[in-house]
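Novice: These are the residues of each chain, in order.
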Amino acid sequence: MSTQTPDTDSENEQPSSTSPQERRMAEKQARKEQREADEAAAANEIQGETVELKVFRYDPEIEGKEEPRFDSFTVPFEKGMTVLDALIYARDEYDSSLTFRHSCRQAVCGSDAFFVNGSQRLGCQTQIADLDGPVRVEPLPHQDVVKDLVVEMDHFYDQMESVDPFFDPDETPDDELEEQRQDRENREKVKLSTRCIWCGACMSSCNIAAGDNKYLGPAAINKAYRFYMDEREGENKRQERLEIIEAEHGVWRCQTQFSCTNVCPKDIPLTDHIQELKREAVKQNLKFW
Amino acid sequence: MSQSYDRGLIEDFGRWREFTAGMWAWVFHKFTGWVLIGYLFTHIAVLSTSMQGAKTFNSTIQGLESLALVRLLEVGLLAVAVFHILNGIRLLFVDLGVGLESQDKSFYASLVLTGIIVVASVPTFVSGAF
Amino acid sequence: MAQRYSSFSSGSTAWLLQRITAAFLVIVLAFHFFQLHFVTHAYEIEFAGSQARMENVGYFVTMVLFLVTATFHGVNGVYNALVNQGIDGIQKRVVQIVLGAAALLLVVQGIRVANTLAGF
Numbered sequence: 001m002s003t004q005t006p007d008t009d010s011e012n013e014q015p016s017s018t019s020p021q022e023r024r025m026a027e028k029q030a031r032k033e034q035r036e037a038d039e040a041a042a043a044n045e046i047q048g049e050t051v052e053l054k055v056f057r058y059d060p061e062i063e064g065k066e067e068p069r070f071d072s073f074t075v076p077f078e079k080g081m082t083v084l085d086a087l088i089y090a091r092d093e094y095d096s097s098l099t100f101r102h103s104c105r106q107a108v109c110g111s112d113a114f115f116v117n118g119s120q121r122l123g124c125q126t127q128i129a130d131l132d133g134p135v136r137v138e139p140l141p142h143q144d145v146v147k148d149l150v151v152e153m154d155h156f157y158d159q160m161e162s163v164d165p166f167f168d169p170d171e172t173p174d175d176e177l178e179e180q181r182q183d184r185e186n187r188e189k190v191k192l193s194t195r196c197i198w199c200g201a202c203m204s205s206c207n208i209a210a211g212d213n214k215y216l217g218p219a220a221i222n223k224a225y226r227f228y229m230d231e232r233e234g235e236n237k238r239q240e241r242l243e244i245i246e247a248e249h250g251v252w253r254c255q256t257q258f259s260c261t262n263v264c265p266k267d268i269p270l271t272d273h274i275q276e277l278k279r280e281a282v283k284q285n286l287k288f289w
Numbered sequence: 001m002s003q004s005y006d007r008g009l010i011e012d013f014g015r016w017r018e019f020t021a022g023m024w025a026w027v028f029h030k031f032t033g034w035v036l037i038g039y040l041f042t043h044i045a046v047l048s049t050s051m052q053g054a055k056t057f058n059s060t061i062q063g064l065e066s067l068a069l070v071r072l073l074e075v076g077l078l079a080v081a082v083f084h085i086l087n088g089i090r091l092l093f094v095d096l097g098v099g100l101e102s103q104d105k106s107f108y109a110s111l112v113l114t115g116i117i118v119v120a121s122v123p124t125f126v127s128g129a130f
Numbered sequence: 001m002a003q004r005y006s007s008f009s010s011g012s013t014a015w016l017l018q019r020i021t022a023a024f025l026v027i028v029l030a031f032h033f034f035q036l037h038f039v040t041h042a043y044e045i046e047f048a049g050s051q052a053r054m055e056n057v058g059y060f061v062t063m064v065l066f067l068v069t070a071t072f073h074g075v076n077g078v079y080n081a082l083v084n085q086g087i088d089g090i091q092k093r094v095v096q097i098v099l100g101a102a103a104l105l106l107v108v109q110g111i112r113v114a115n116t117l118a119g120f
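Chains as they are written, first to last, in the numbering used here: chain A, 1 to 289; chain B, 1 to 130; chain C, 1 to 120.
Just so you know, these hints were derived from the structure itself, not from any lab.
Keep in mind that a hint or two might mislead.
[To be verified] Reference excerpt, derived from the structure (chain A facing chain B, CB under 8 Å, subset only):
| # | residue |
| --- | --- |
| 1 | Ser96 |
| 2 | Phe258 |
| 3 | Arg279 |
Yeah, the Cβ is synthetic: ideal placement off N, Cα and C, and Gly gets one too.
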């Protein structure tokens, strides 16, 4: 409080010149311009190969960003660089508001499925070197966009939950800790179906799932396959699972377009599994006659 | 967070360049299916002229067959039917779980075979019309 | 929590019938084209010739079966295409009624034509 008096004095002494605050603002503005110029120069002067990213941007909460648009980023290319690496570089160096989900960076967590150059892929699994530039990165199609590359996953998770994606045997062993062993052959049968990482790429690629909101979709049917084919669960649960699988919006909606099988980052033969369940449902129904 | 952006159908025909073999097979199969069921209705309608006697039937059929446009449409119908048959066989195998890993090749094969059969049939289909 | 789907309307019968009619139609449609474009040219078709073919009971039965299976396969195919588009509730009911009526009409009229051509 004591400093206020001299301040008032000095303001009176130089009424024509700028106030200290205005001077500081001007300096700050100059520094900002300088920094931006430096950054632009740095971007222009990136040594060696670069890759151009075109990234879908949308943010309903910020004025001027409610309209979806594409932003371009020029990122220095490194050998072995993935789409996720490039996105991280763009976020860290150019625009910290660029938003996308990612976690393990090794195709296990399933959180960074994007629509890259017209196909559903995991950002961390897709090599920039394998793509034609400019690399166009969009959020997964057929899901609502929350912000930038982040999509609403609730519907996908609902479909996954609806097939009871957990081991649920009719009878549990008397001893709580006793193992419930699966024989080798049965394990081999379900092996590929257990690879699913819930990334949602298949569901997003499926033309039928896009039109019919009730369709279980490839991932959920694959999950159902994984447990339906598990011989340890028992007849009751098996019957319950079959009812979900063969409901109107279950396996019958699959049109064998192979889109899901083509995009699955874990190479699960999704169409094979869906087809096998169709035949299984037909067989079971013929038996009941 | 309550707001989100619905982009509608992304993989619509605007993205046809990015369609894969299986997707194209489905698009063609569906299109040819619509044409065939549409044709079935008109086919029965044309044949219904037989109920007004042999004369009407003959003049209708021959009147139609004398039109070059009808002959060309028949070639189109053949193409549609042959593709639907060949891709249908492919789909039956897919349903039986046979050869799913070469489903793209079998689609291309049915396309090529359709082309060959149609081209080879053109002389028979248009003879006398031009 | 996700909704549970009713198992009441099982699609397995329709699915199986669609495949069985497909297998039948593959052969009969190919035969039909061959018969009426190559053996007999389309422009040569006359009432008398059609009658001669239709008087053969085997041919007559095949053609009627052809009509019925093709109608089922086609109409069921159209119905599936619409369900895949996500039609539901009243819309679906209307589609079922309209398609069912169209199919019935087609089969009835087709059999009347077959009878006329065969001279029954």
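Novice: Can A:Ser96 be said to touch chain B, with a Cβ gap under 8 Å?
Specialist: 19 Å, violated
Novice: Can A:Arg279 be said to touch chain B, with a Cβ gap under 8 Å?
Specialist: Holds, about 7 Å.
Novice: Hey, does the A:Phe258 contact hint survive, CB to chain B under 8 Å?
Specialist: 3 Å, holds
When the structure is compared with the earlier hints, a violation turns up for hint 1 alone.
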